[in-house]
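So the protein lines, in turn, are chains V and F. So the first sequence is residues 1 to 92, counted in the working numbering. So the second sequence is residues 1 to 413, counted in the working numbering.
It cannot be assumed that every hint is accurate.
Some chain F residues well away from chain V (every beta-carbon gap over 10 Å; in silico) [stated by the list, open to error]:
hint, residue
1, Arg-32
2, Phe-108
3, Ala-128
4, Ala-137
5, Pro-149
6, Leu-169
7, Ala-194
8, His-211
9, Ala-213
10, Leu-230
11, Ala-268
12, Ala-271
13, Gly-309
Here are some, though not all, of the chain V residues that point toward chain F, as calculated from beta-carbon distances under 10 Å [what the hints assert, rightly or not]:
hint, residue
14, Val-42
15, Ile-56
16, Ala-59
Since the hints were derived computationally from the structure, they do not count as laboratory data. Yeah, the Cβ is synthetic: ideal placement off N, Cα and C, and Gly gets one too.
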Amino acid sequence: MADIQIRKWVRDYLAEVLTIPEAEVELDRTLESYGLDSIEAVLMAGGLEEELGFEIDPAAFLQYPTIEAMVVALEQGEGLEPLADLPLKVAP
Amino acid sequence: MTAATSLAFADDPISRLDPADPYPTYAELRARAPVHWSSRLSGWVLTRYDDVRGVLDHPDFRIVDPASRLSRLAERGGPLLANLIAFHACLPLLHDPDHSRGVKRVFFQLLTGRRQLGLREGLAQRAAEILRAGAAAGRIDLAAGYGSPLTVFASGTLFGLPESEHGVLTASAGVSTLLSGAVHSLRELKRLDAEAARLVDRFRAPLAERHEATADDGLSRMLRAADAELGWTDDQLAGFCAFILGVSRETTFTALSGGCLRLLQEPALRARLCEDPAKRPAALRELLRLVSPLQFAARVAARDTQIAGQAIRAGQPVCAMLAAANRDPAVFPDPDRVDLEREGPEPLAFGAGAFRCLGEQLAQMELGVAIDGILDYPGLGLGREPVVWGTGMHVRELRHVPAIFVGAEAAGG
Chain V
1 MADIQIRKWV
11 RDYLAEVLTI
21 PEAEVELDRT
31 LESYGLDSIE
41 AVLMAGGLEE
51 ELGFEIDPAA
61 FLQYPTIEAM
71 VVALEQGEGL
81 EPLADLPLKV
91 AP
Chain F
1 MTAATSLAFA
11 DDPISRLDPA
21 DPYPTYAELR
31 ARAPVHWSSR
41 LSGWVLTRYD
51 DVRGVLDHPD
61 FRIVDPASRL
71 SRLAERGGPL
81 LANLIAFHAC
91 LPLLHDPDHS
101 RGVKRVFFQL
111 LTGRRQLGLR
121 EGLAQRAAEI
131 LRAGAAAGRI
141 DLAAGYGSPL
151 TVFASGTLFG
161 LPESEHGVLT
171 ASAGVSTLLS
181 GAVHSLRELK
191 RLDAEAARLV
201 DRFRAPLAER
211 HEATADDGLS
221 RMLRAADAEL
231 GWTDDQLAGF
241 CAFILGVSRE
251 TTFTALSGGC
261 LRLLQEPALR
271 ARLCEDPAKR
281 PAALRELLRL
291 VSPLQFAARV
301 AARDTQIAGQ
311 AIRAGQPVCA
321 MLAAANRDPA
331 VFPDPDRVDL
341 EREGPEPLAF
351 GAGAFRCLGE
361 QLAQMELGVA
371 IDGILDYPGL
381 GLGREPVVWG
391 TGMHVRELRH
401 VPAIFVGAEA
411 AGG
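Using the sequences provided together with the hints, build the complete structure.
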């Protein structure tokens with residue numbers, strides 16, 4: 001999936017969750033700074049999983065310094081694992 | 001201890017932790033960064049006895065509350081994972097003194113029957129049967145074939161389930177993993193919800209039967225207490241029973257098989273305990289300290305606070321590493337050794353403070369029986385096949401301990 005599509009998906013998703021226009025979503029911020037917590041990360045990762053067909057560790061979402069960094073990492077396939085026989089991940 | 005010390009790690013030692021032997025990692029952290037921010041766990045990791053003990057005893061650190069998190073997940077448009085919510089529903093109640101007393105009373109209904117049932121004697125008999133069969137076959141798996149069936153027998157007997165139904169108590173498939181504070185993907189949460197459903201469902205029919213006909217077994221007593229103390233429905237109690245099973249199974253059977261493993265590794269200790277049975281309680285305490293199946297207790301800071309000078313923000317998770325505290329050389333000199341004369345503070349295998357494990361005495365009794373059984377077979381030794389540990393970081397699960405009988409015992413003990 002191209003970078004631009006992940007970027008657009010994330011932008012659309014955040015605009016909807018935050019109820020702000022897409023143009024106002026700033027990718028150089030953290031999810032946390034938007035008041036989004038690990039529950040939101042779980043939901044967002046779940047949505048992206050359906051888009052991409054890969055398992056995404058929602059705990060990793062909260063680790064990136066910015067949403068932009070997360071988009072870039074996803075585009076490069078970081079933190080993505082094929083959907084099969086995943087061991088349990090332990091990460092609060 | 002400052003945040004800078006943690007940041008000095010180029011990577012997170014926790015991500016290099018080997019579940020088959022986590023102790024070198026704990027020792028490294030204890031020496032270099034005893035209050036360590038783990039990017040892998042997204043939480044603070046404590047490895048010194050005093051820090052771990054301090055967090056367990058302090059009301060500013062609350063237990064994790066997966067039920068509330070899962071409810072919020074549903075409110076925000078995620079799936080309603082009702083079985084996982086029912087499984088964890090007792091946890092928020094533990095913060096309220098009245099409710100907490102009620103939950104504990106319901107739980108203790110399960111344990112009060114153990115003398116009357118002759119649980120210890122029944123368990124000892126079962127252990128002897130299993131070992132006799134093992135001796136006849138010349139081999140035994142002390143985890144899957146000894147520790148595991150003994151814990152199943154104990155919980156099945158206490159609940160009052162007929163032995164033909166004990167099989168349903170064997171599966172719990174990591175449902176308790178949310179107690180580690182773990183963030184899981186939706187896919188994984190749905191899988192865990194299905195596992196929780198299987199556990200909760202197993203208690204529904206037995207509870208319904210006990211409404212029809214009063215019996216004096218564990219489940220019947222729990223049913224009456226849950227109604228009187230907490231006004232619970234059958235479904236709520238079924239969730240609680242599933243929770244008890246889910247949090248006790250892997251921890252207890254790993255305590256049993258881990259204790260047995262250690263004995264097989266230390267022939268001198270075995271000989272000593274055979275000669276001097278009065279030393280067995282001291283040995284139990286040491287074995288539990290060294291095995292510590294629950295590796296850490298997860299807490300959440302209720303307000304901005306600090307641990308050993310490190311600022312902890314409200315809402316941040318804290319992993320109080322019980323297993324690391326139990327081998328802190330500052331309080332347990334020569335910590336990896338079994339020392340039957342050891343003094344010092346109490347080990348933290350069952351936690352401490354307001355949320356200390358309620359099943360401690362039961363687990364100790366089961367371990368005592370398992371060890372008594374092993375000590376009757378001096379010819380039992382480790383086999384050539386490897387010991388197999390699970391991959392969990394929260395509950396360290398001992399899956400296989402292949403052992404063999406040598407000499408006359410192999411012919412039938």
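Hint-by-hint comparison with the structure:
Listed as a non-interface residue, Arg-32/F keeps its Cβ farther than 10 Å from every Cβ of chain V; the least gap is roughly 22 Å. At roughly 30 Å from the closest C-beta of chain V, the C-beta of Phe-108/F stays outside 10 Å, upholding its exclusion from the interface. No beta-carbon of chain V comes within 10 Å of the beta-carbon of Ala-128/F; the shortest separation is about 36 Å. No Cβ of chain V comes within 10 Å of the Cβ of Ala-137/F; the nearest lies about 32 Å off, and the non-interface call holds.
Distance check on Pro-149/F: its Cβ is at least 24 Å (rounded) from any Cβ of chain V, clearing the 10 Å threshold; non-interface status holds. Distance to chain V confirms Leu-169/F as a non-interface residue, since its nearest Cβ pair spans about 21 Å, more than 10 Å. Its beta-carbon lying about 15 Å from the closest one in chain V, Ala-194/F satisfies the requirement of being farther than 10 Å from that chain. The beta carbon of His-211/F sits about 37 Å from the closest Cβ of chain V, which is more than 10 Å, so the claim that it is off the interface holds.
No Cβ of chain V approaches the Cβ of Ala-213/F within 10 Å, the least distance being about 41 Å, so the stated non-interface status holds. Every CB of chain V is more than 10 Å from the CB of Leu-230/F (nearest about 27 Å), matching its label as outside the interface. For Ala-268/F, the condition that its CB be more than 10 Å from all CB atoms of chain V holds, with the nearest at approximately 36 Å. Residue-level check passed: Ala-271/F sits 39 Å from the nearest beta carbon of chain V, beyond 10 Å.
With 10 Å as the threshold on Cβ separation, the claim that Gly-309/F sits away from chain V holds: the shortest Cβ distance comes to roughly 22 Å. Against a cut-off of 10 Å between C-beta atoms, the interface hint on Val-42/V holds, since the closest Cβ of chain F lies about 6 Å away. With a least beta-carbon distance of about 6 Å to chain F, the hint placing Ile-56/V at the interface is held under the 10 Å criterion. This hint holds: Ala-59/V has a C-beta 4 Å from the nearest C-beta of chain F, less than the 10 Å allowed.
Of the hints listed earlier, there is not a single one the structure fails to meet.
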